[in-house]
Amino acid sequence: MTGTMKLDAGIPSGPIEQAWDKARFDMKLVNPANKRRHTLLVVGSGLAGASASATLGELGYNVKCFCFQDSPRRAHSIAAQGGINAAKNYQNDGDSIYRLFYDTVKGGDFRSREANVYRLAQNSVHIIDQCVAQGVPFAREYGGSLENRSFGGAQVSRTFYARGQTGQQLLLGAYQALERQVDAGQVTMFPRSEMLDLIVIDGQARGIVARNLITGQLSVHMADAVILATGGYGNVYYLSTNAKGSNATAIWRAYKRGALFANPCFTQIHPTCIPVSGDYQSKLTLMSESLRNDGRIWVPKKKGDKRRPNEIPEDERDYYLERKYPAFGNLVPRDVASRNAKAVCDEGRGVGETGLGVYLDFSDAIRRLGEQTIRERYGNLFDMYQRITDEDPYKVPMRIYPAIHYTMGGLWVDYQLQSTIPGLFVLGEANFSDHGANRLGASALMQGLSDGYFIIPYTVGNYLASAKPAKVTGSHPEALAAFAATQQGIAKLLAIKGKRTVDSFHRELGKIVWDDCGMSRTAAGLKEAIGKIRALREEFWQNLNVPGSSDDLNQSLEKAARVADFIELGELMCIDALERNESCGGHFREEYQTPEGEAQRDDQHYSYVAAWGYTGSANPPELYKEPLEFAYVHPSQRSYK
Amino acid sequence: MKLKLTIWRQKNPGTKGKFVTYPVNDVNPEMSMLECLDVLNESLIERGEEPVAFEHDCREGICGSCGFMISGVAHGPQPATTVCQLTMRHFKDGDELVLEPWRSASFPFVKDLVVDRRAFDRIIQSGGYVSVSTGNAPDGNDIPVGKEIADRAMDAAACIGCGACVAACPNGSAALFTGAKIAHLGILPQGKPEQDRRAVRMVAQMHTEGFGSCTNIGECTGVCPKEIPLEVIARMNRDYLFGAWTERSEVINTIAPATDWNFREK
Ligand SMILES: Cc1cc2nc3c(=O)[nH]c(=O)nc-3n(C[C@H](O)[C@H](O)[C@H](O)COP(=O)(O)OP(=O)(O)OC[C@H]3O[C@@H](n4cnc5c(N)ncnc54)[C@H](O)[C@@H]3O)c2cc1C
Ligand code: FES
Numbered sequence: 001m002t003g004t005m006k007l008d009a010g011i012p013s014g015p016i017e018q019a020w021d022k023a024r025f026d027m028k029l030v031n032p033a034n035k036r037r038h039t040l041l042v043v044g045s046g047l048a049g050a051s052a053s054a055t056l057g058e059l060g061y062n063v064k065c066f067c068f069q070d071s072p073r074r075a076h077s078i079a080a081q082g083g084i085n086a087a088k089n090y091q092n093d094g095d096s097i098y099r100l101f102y103d104t105v106k107g108g109d110f111r112s113r114e115a116n117v118y119r120l121a122q123n124s125v126h127i128i129d130q131c132v133a134q135g136v137p138f139a140r141e142y143g144g145s146l147e148n149r150s151f152g153g154a155q156v157s158r159t160f161y162a163r164g165q166t167g168q169q170l171l172l173g174a175y176q177a178l179e180r181q182v183d184a185g186q187v188t189m190f191p192r193s194e195m196l197d198l199i200v201i202d203g204q205a206r207g208i209v210a211r212n213l214i215t216g217q218l219s220v221h222m223a224d225a226v227i228l229a230t231g232g233y234g235n236v237y238y239l240s241t242n243a244k245g246s247n248a249t250a251i252w253r254a255y256k257r258g259a260l261f262a263n264p265c266f267t268q269i270h271p272t273c274i275p276v277s278g279d280y281q282s283k284l285t286l287m288s289e290s291l292r293n294d295g296r297i298w299v300p301k302k303k304g305d306k307r308r309p310n311e312i313p314e315d316e317r318d319y320y321l322e323r324k325y326p327a328f329g330n331l332v333p334r335d336v337a338s339r340n341a342k343a344v345c346d347e348g349r350g351v352g353e354t355g356l357g358v359y360l361d362f363s364d365a366i367r368r369l370g371e372q373t374i375r376e377r378y379g380n381l382f383d384m385y386q387r388i389t390d391e392d393p394y395k396v397p398m399r400i401y402p403a404i405h406y407t408m409g410g411l412w413v414d415y416q417l418q419s420t421i422p423g424l425f426v427l428g429e430a431n432f433s434d435h436g437a438n439r440l441g442a443s444a445l446m447q448g449l450s451d452g453y454f455i456i457p458y459t460v461g462n463y464l465a466s467a468k469p470a471k472v473t474g475s476h477p478e479a480l481a482a483f484a485a486t487q488q489g490i491a492k493l494l495a496i497k498g499k500r501t502v503d504s505f506h507r508e509l510g511k512i513v514w515d516d517c518g519m520s521r522t523a524a525g526l527k528e529a530i531g532k533i534r535a536l537r538e539e540f541w542q543n544l545n546v547p548g549s550s551d552d553l554n555q556s557l558e559k560a561a562r563v564a565d566f567i568e569l570g571e572l573m574c575i576d577a578l579e580r581n582e583s584c585g586g587h588f589r590e591e592y593q594t595p596e597g598e599a600q601r602d603d604q605h606y607s608y609v610a611a612w613g614y615t616g617s618a619n620p621p622e623l624y625k626e627p628l629e630f631a632y633v634h635p636s637q638r639s640y641k
Numbered sequence: 642m643k644l645k646l647t648i649w650r651q652k653n654p655g656t657k658g659k660f661v662t663y664p665v666n667d668v669n670p671e672m673s674m675l676e677c678l679d680v681l682n683e684s685l686i687e688r689g690e691e692p693v694a695f696e697h698d699c700r701e702g703i704c705g706s707c708g709f710m711i712s713g714v715a716h717g718p719q720p721a722t723t724v725c726q727l728t729m730r731h732f733k734d735g736d737e738l739v740l741e742p743w744r745s746a747s748f749p750f751v752k753d754l755v756v757d758r759r760a761f762d763r764i765i766q767s768g769g770y771v772s773v774s775t776g777n778a779p780d781g782n783d784i785p786v787g788k789e790i791a792d793r794a795m796d797a798a799a800c801i802g803c804g805a806c807v808a809a810c811p812n813g814s815a816a817l818f819t820g821a822k823i824a825h826l827g828i829l830p831q832g833k834p835e836q837d838r839r840a841v842r843m844v845a846q847m848h849t850e851g852f853g854s855c856t857n858i859g860e861c862t863g864v865c866p867k868e869i870p871l872e873v874i875a876r877m878n879r880d881y882l883f884g885a886w887t888e889r890s891e892v893i894n895t896i897a898p899a900t901d902w903n904f905r906e907k
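Read top to bottom, the protein sequences are chains A and B.
Going by our numbering, 294 is the number at position 294 of the first sequence; the sequence numbering is gapless.
Every number in our numbering is 641 more than the matching position in the second sequence, counting from 1.
Derived from the structure by calculation, the hints contain no laboratory data.
Glycine included, every Cβ here is placed at the ideal spot set by N, Cα and C.
There could be a bad hint or two in this list.
To be verified - Below, simulated SDA-like cross-link-like pairs (lysine to any residue); rule was C-alpha separation at most 20 Å, straight line: (1) B/Lys-788 with A/Gly-379; (2) A/Lys-499 with B/Glu-691; (3) A/Lys-497 with B/Lys-788.
Said to hold, decoys possible - To be clear about the criterion: a stretch of chain B counts as covered by chain A if any three or more of its residues have a C-beta under 8 Å from a C-beta of chain A, and this derived list gives those stretches: (4) 666-676; (5) 722-733; (6) 739-747; (7) 823-833.
What the hints assert, rightly or not - Facing chain A, from chain B, some residues (calculated, C-beta under 7 Å): (8) Leu-644; (9) Trp-649; (10) Cys-699; (11) Ser-706; (12) Asp-736; (13) Gln-766; (14) Gly-769; (15) Ala-778; (16) Asn-782; (17) Val-786; (18) Gly-787; (19) Arg-838; (20) Glu-872; (21) Arg-879; (22) Phe-883; (23) Phe-904.
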């Protein structure tokens, strides 16, 4: 079903270079003295949520920030390894805001909004300045200036990093700014609190229902605007590089309250993860893409070659990325690198026990630069690899395989980062905004911080000043109804008392989605997957076993609520993938490929954002289309040759 | 391989806890300690029992969520390794492991292997930051920072806030955690202006939380998954002394520790 509501992103008219300036000038402002009268809820304390909470607190708003971990510092952003992009051109190698913009639009395979991406590239330079001022210990040259490295999809060195712990250092910077506002009384922190519903009154987002994970108590929080920064939904696949707690519940419940969900099938498979080793496996570990700067990817030329890597002579190795893409070599974008790894494994040339792996070899780099330099660049990643696999990557090549890593899709937002529910803003990985069908490395951190530090502080003010939300309290009937519905939802999960554990359902869901809506997709496979997911959902609500009660720390119950949402979202992902009869970025439909096996876009029919609206649990979702226009970067077949 | 896990089971701070021993029979040497608990928990749920509560999130050794004592050692026997990254190949068939939560009066007990580490957040609230609001920053390259300085700051900044240092310390001191932040920011030019104030306030908060005093035993750095060096404590003491002198006329406010999970809004 296709909806008729017109999706207006509200992109300012005029030249793209001036769009954000113009938008800011046109925005209404909130009088400084009035800011403290406005309460804002920020759900999430990752890069996006922490930076937003800190900045809004600094501006004088009364902020409440929620996260499910015991401390905001543990948000999943902490795990980002490789780096953050910025168009500083410190290396004098030809970078510019325009080039970062261009690379990101092209890298996203022409499925993102130009004006948003341009603003992101503009903000990137301020992010680095802000983080340096906070004391983020970025890597430095001996002379004291900031150092850079290269990342996939770019031919310039624009990635800033702090060893292999860039996300950790950026998050700690934002977390410390947040704690400073907690100390100042501007932000109240609610750790171990999970948002379970959105309260919408008179069409505006006015609050949330949250569960205290320690006491089990539900509470209602009312506000003038709600900001979701709850991260991505990669854990639909069960095995992913995301933290175990990462979930879609906040955005999914907002979707059910009327926010549109955009491009759910745009998910990113990261090419360099440690391969799966057994069925007890609980998560996959990423080996940062930065390794592709110095590591060379290869497989044996012969099928089923069981020799040890060091015994395979140079001329019997296939450095397939360097061979097929001489211009970018090992630094092609993630979707291209992942698909090629799958292709060589499908041909039977994969390595390791399972044959699902390719080599990432540092021997050339070690010969060229010395072990010490490699240790300095990647020491902690090499250690992590060794801890997990018991193999020494300084001596034998790493084995890697693609794994689900990031979700480009998310709640639809306009240029102001506002969803289709007025007063509901969505930041960071939780929105769909800037990465199109494929995200380039080191740009998620950039987007999260751009959204939180430099966009939401303006746009939320504009909303408050123009919408002038009326006063409401927690005893409003809508709030009471949301509270009661949440309570019933929890009781229902506990009352099933079936036989299967939550994890067993989650694993099964993950397998279905990985097989049919993962690295490559077909219409037939997707249709089958939708059937299987519906059956799984049916069984879930009849045969789930959640032990314990709802009035204390109950981790099975937490998981159950999240998995219930993942099951529904998994179905929507397949529906979206089935509807998009083209291949673009991470969405590879086998039916649509070029003779060389690259993704074949269909710009004539699919140059749009697919935004889905909820119509009730028994009804199919409704599709709304936001057409994409490219006035600056002309859509072409992406070429990394 | 087969292992015996003897685990501290306690429903909440109000009930009595006890050790319960569980045999786990199909342990794969490649799995992590937490995956081993996952396997145990699946079987407990299937038998209708409550699974063991433990904290975890990233399972990559970086978020600092996980952590418990394994046979008396915080995060277990492998140096520089959190329990989520500790693979079972470090144990032998037939081993018995005793798992218990961090024990510290400043980390109130929550459930099974879970404790409340919010004291750490309050220590950071008391000055573990650079007071620079968004928008105030000069260009990133305006203030040069030598590579050695940046590297040393990074060594200290690598702390994941897991709490192993406190659990391992016979005095229950949080000096390694607090010192790491004081050192990270104090070494960098960006953190200099507040160096004294920061040290004084953070140390005062550390005492208010009831953490013990540091007597230079060094157990903390021994179990630290990020191998934060003991020097950060020396740095903290130095900055504190200087700070106590320069800030001597200031009233030092500390934050009252929270003892329960009912949130009181300001
Ligand atoms: C292993 C790994 C490495 C990466 N490396 C890089 C990199 O080098 N460069 C890069 O640019 N990107 C990288 N990424 C991607 C990047 O880390 C993420 O996209 C980004 O950090 C997401 O930030 P966020 O603020 O949107 O969400 P998150 O950091 O995921 O934070 C989500 C927050 O929401 C809270 N939350 C979620 N649901 C609820 C709820 N229902 N109620 C209350 N709170 C809730 C959580 O507690 C948390 O605080 C990496 C990702 C992974 C998995
Ligand atoms: S789970 Fe994150 S450090 Fe262990």
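> Which hint numbers doesn't this structure obey?
Replying inline: Failing hints, ascending: 3, 6, 8, 9, 12, 19, 20, 21 and 22.
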